Every structure is written in structure tokens, then in C-alpha cells.
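Asker: Now for the letters of each chain:
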Amino acid sequence: MQEYRFEDEHSYLHKLQELVDSGVPVRRIHAFSPIPVPAAEQILREKPTFVRVFAIAGALLGMVAGFALCIYTVLRYPLIVGGKPVVSILPFVVIAFELTILLGSLATFAGFLLNARLPYIPRIFNPDEYGTHFTILVEEER
Amino acid sequence: MTEQAVEQHHRLERDILAAMSRPTKWYWVALGVSVAAFLMGMALWLYMILTGMGVAGINNPVGWGVFIVDFVFWVGIAHSGTLISAVLFLFRARFRNRFNRAAEAMTIFAVMTAGLFPLIHLGRVWFAYWLFPYPNNHLIWPNFKSPLVWDVFAVSTYLTVSAVFWYVGLIPDLAIARRHAKNRIQMWAYRVFSLGWVGSVQQWKHYNKLYGLLACFATPLVVSVHSVVSWDFAMSVIPGWHTTIFAPYFVAGAILSGCAMVITLMVPMRKFFRLEEIITVKHFEGIAQMLLLTSLIVTYSYVVEYAIAFYSGNTYEISHFVYRLLGADEPGHYRYAYWVMVACNSVLPLLLFFRRVRTSIPALFVLSLFVNVGMWLERFIIIVTSLARDFDPYAWGLYKPTIIEVGITIGSFGLFFTLFLLFCKALPVLAITEIKEEYT
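Going down the list, the protein sequences come from chains G and E.
With my numbering, the residue at position 21 of the first sequence is 21, and numbering never jumps.
With my numbering, the residue at position 272 of the second sequence is 272, and numbering never jumps.
Just so you know, the hints here were simulated from the structure itself, not pulled from any lab data.
None of the values given here were measured: they were computed from a predicted structure.
Just so you know, even glycine gets a beta-carbon here, dropped at the ideal spot from N, CA and C.
Errors might be hidden in some of the hints.
[Unchecked claim] Across the chosen pairs, the derived CB separations fall in these ranges:
| # | chain 1 | residue 1 | chain 2 | residue 2 | range |
| --- | --- | --- | --- | --- | --- |
| 1 | E | L148 | G | Y72 | 17 to 25 Å |
| 2 | E | V125 | G | L114 | 34 to 42 Å |
| 3 | E | A128 | G | I56 | 53 to 61 Å |
[Unchecked claim] Sample of chain G residues at the chain E side, in silico, Cβ under 10 Å:
| # | residue |
| --- | --- |
| 4 | L90 |
| 5 | P91 |
| 6 | V94 |
| 7 | I95 |
| 8 | Y120 |
| 9 | F125 |
When you get a sec, could you build the whole thing from the sequences and use the hints?
Answerer: What follows is the structure, given as C-alpha cells:
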């Protein structure tokens, strides 16, 4: 395992580009930074994240769940309130909206944890610390 | 990135984490006072539970008193936290980086404090779970057409989403704190809660997406929560409550009070933790401008309320608004509260048009205290005066908070400040990673 440490972002990106250009396969390069460096994603040809899929799925599920909850419960307990129809969609929009946001956010968070492989138990017990350094690790060829 | 920036990164970590070092004498004093106030509030609540709701001043016709005022006040305080962290993030307003961590903490603690008040107000608090929809052997369900049930959903969603957003922002900073931990307990706490974060390219990729998406979810949420709170009132037919301006009016008021509370909290925090170099006057000016903008919106709403009442031609609406402004001749009415409210929320913030006031930290601090008072009074006026004078003169009545209600209100401030003080010593008070990004 070869290790390169840099104090600053520019030499880190420069080295990353150099490694990729010299033909090192990207799957053997592991790069770490104390702050997000979007340019590194492009150099390593990272695929777009799936987190957004979780967001939309969670949000839709929440909306359906909100309406389902309201409609199911009023049908189970059909009490007429204020002379309104038993199934009144308009007030149920509020519940559906809140659940859209709730399940959407929770699903997005869950999607992040799954995609970023967190929590990563071995690293909790024995964290790799790169401090304020921008670090590149290159795996040896097997 | 230059040598200077590298040096800045080290300095930032050191200076911000220094706030978590051994507490000073004044910290213990502040914590002691807050905890004492909180315990007093809890003791009074216990007394009220054991004795009955009669010890509170609420009665016919004013059935919603200081407890509901406190609820709306604290939910309002919460709002600017989300505004600063989510809305200003989407607008890429840079000054937000200095305030977002503390403001989000404030949001969560304020919602927790607010959440107590419906329970306190319930009387039979042991039946609070009836508000949640769950299958039960009575085969009854909550009424989803009721704004009070909407409120349960809105506020609990708000608490959950704010907590997630806050925690997500903390993950990279907890990984920094992990390196600087001073003892084993701290080290393990930060190790566990930073989830094994290393800052790899892949982690950042997912993280940035997550943060942006959460900001997108939180932005409509913050608007919806105080709108739902306002509908607790506006859905009824009581003069003074039954108006369409209520939702935007409440949201603007919430952000006004929240910005004021951010200033109230951040000025002493900056001073005691010596963060003057990181949070500069320029950043406070940004918050001051927000305060001025929302104050103007609130003032506009005050005017529109009157305009709607008079334009409606409805006798009850008109006479109610005349009553708010002028009161009645015998003592005990609320006109002074109304005038103080207008002075605090509409007139004094106009001083922020002057650059000298905007850039003076002591002036901003004093002004923020006035706005806090004014916004509490605003909720008091909206809630209490409307109930005190509705349609039928035979049913009119006055309300005065009892010592129990005042004590529980002080207790809620105690809870809020206790939680905030504990936060200051347990977690990084500023978003280190986000501020670092500026120095590249």
C-alpha cells in the first residue's frame, strides 16, 4: 500500500490526476479529505449517488401512507365531524404532507448510511485518522 | 490552498474545540441557575397535576392561556434554526456557516421545550397518547380533520427531521472531535457517534447529496409547521383568529423571534468561548438583516390584520380589533401589551436600517431581548384577547396568569438554557468542516 499525504487540496488533486493518467485503475485508489472535494469524484470517475432514489421512494411512500392512514381510520370509525364528508381529502393533505417529509428524510438518511457503508464497526474500534491531511492510498497490484 | 489556509484549518479545530474544554466558574453558575429554574417548573407542574387545573388561571371564556402562548413561542423560536441551516444553505448564504450548528441545536431544544406545553395544558397528561393514531380496543381513532391532530404530526415530524439534519451535519465534526478527545469516555462517545467516518471520496459524495436533499425536505417543512400551528387558531371562527393571513404571518413571526433568539444565544457564546475571530461582526450583520426583513413582514401583517377586519365589514371583527388597540376603560385589559408588542417588534427593529446599529454587537443583543419579549406578547395578544372578547358580551371575561403559570414558563426557559449549555460542552459549537471549506 502506497500512501501520499498532502497539506493542501491542489497538490492532492494534482497527484490524483497523475495517478489516474499513469494508468492506475481507479478501484485501487482510495482518497480521503477533511473537506468535500467534488473535483476528486470526477477524476476517480465516480458514478452518481443513489441517495436520491431513496429520497423519492421514501417521500412517495410517506404520501401514500399519510392518505392511507387517514382514509383507513375514518372508514373504521366513520364519525361525521362538522358536517363534512367522512373522507375529506383536503384536511388529509396536511397529514400526508408531513408524512411525506418525515419518511422522505428518514429514507434519505437510511440511503446515505447504506451507500456510504456507515456505521463501519471495525473503524469505530480502530479509526483511521488522516487528520487535516488530504490522503491518497494506492493498493498494490495483486 | 496556501500555507495560510493550512494554518487556518489547524487554528479552527483548536479554537472551536477549545470551547469544549473544562468549564469555567461562570458556566457552572449559569448551569446551576438554569437547572434550578427547570426543577422549579417541574415541581409546579407536579403540583398542578396533583391539585388540578384550577391552580392555573385558564377558565371560561379564556381556555387557552400562557401554556399555549409558551407553546407557540417555543415552536416559533425553533424556526430560525431550520431557516438558517436549510433555507440559507439552499441560497448559499455564507454567513450561515457561523450560526447553523448552534441554531440547529436551538431548534431541537426549543421544539422539545414546546412539546411539553400541550402536555402541561392537557390536564390529564396521562392520556396524552390518545393523540396518536394507534389501534386500540375502544376502536376509536383521532379526528384527522382537527388542526390539533395536524399539530401533533407537524411538530413531531419537525423534531425528528431537525434532529436528523443536525446529526448529519455533526458526523464529520465528530470525527474531528474524536482525534482531539481528552479521555476515554469522550473518545468512545465520539468514535461511536461519528460512525467510523473517514472522509473518503465516496462518503463525501453520498454525504453532500444527503445534506442537500435534507435541506430540500426541511425547507417546506419549516413553512408547514408554523402554518399548521397558526391553523390551530385560524380554523376556528373566533374574531381575531379567523383570517387567511395567519399562516404567513405566523411563519414570519416565528423567524423574527428565532433570529432574535439566535442573537441572544450567540453573543454571550462568542464572548465566553472567545470565538470573536471566527464569528465576526459581518456575520452578525447578516442575521440582523434577516431580523429587519422579518420584522417588516410582521409589521405588514399587523396592518393587514386590521385591514382585513375593517374591509370585511363584520361588526365582531371590527370591534375586536378596536378592543385590541384601545382596550376598555376599566383596568386589566390588554392594550398596553399591544403597544409594547408593536414597539418591540415593529418600531425598535427599524433601527437596524442604520449600519451603526447593525454592526454593534451590544446594540444587537439588547434589541434581540426586546424582540423576544415582543414576540412572546404577540402570541399572548393573539391567543388571549381573542378568547376574552368573542361574539357575546355576556360571555366576555378577562384572564390573568397565576403564579403557577408564570413559574412553569420560567421553568421552560430553564430547560431550554440547560440543554443549550450542555450542548456547548458536549459537541463542537460551530460547524468546523463547513467553515474550513471557506479557507481553501
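Asker: Against this structure, judge whether each hint is valid.
Answerer: Okay, the hints, checked on the actual structure:
1. E:L148 with G:Y72: 17 to 25 Å: holds, 20 Å
2. E:V125 with G:L114: 34 to 42 Å: Taking Cβ atoms as reference, E:V125 and G:L114 lie about 39 Å apart, which means the hint holds.
3. E:A128 with G:I56: 53 to 61 Å: violated, 34 Å
4. L90: Hint holds; G:L90 Cβ to chain E Cβ min 9 Å, cut 10 Å.
5. P91: holds, 4 Å
6. V94: This interface hint holds because 5 Å falls under the 10 Å limit.
7. I95: holds, 6 Å
8. Y120: holds, 4 Å
9. F125: Hint holds; G:F125 Cβ to chain E Cβ min 8 Å, cut 10 Å.
In this structure, only the earlier hint numbered 3 is contradicted, and the remaining ones agree with it.
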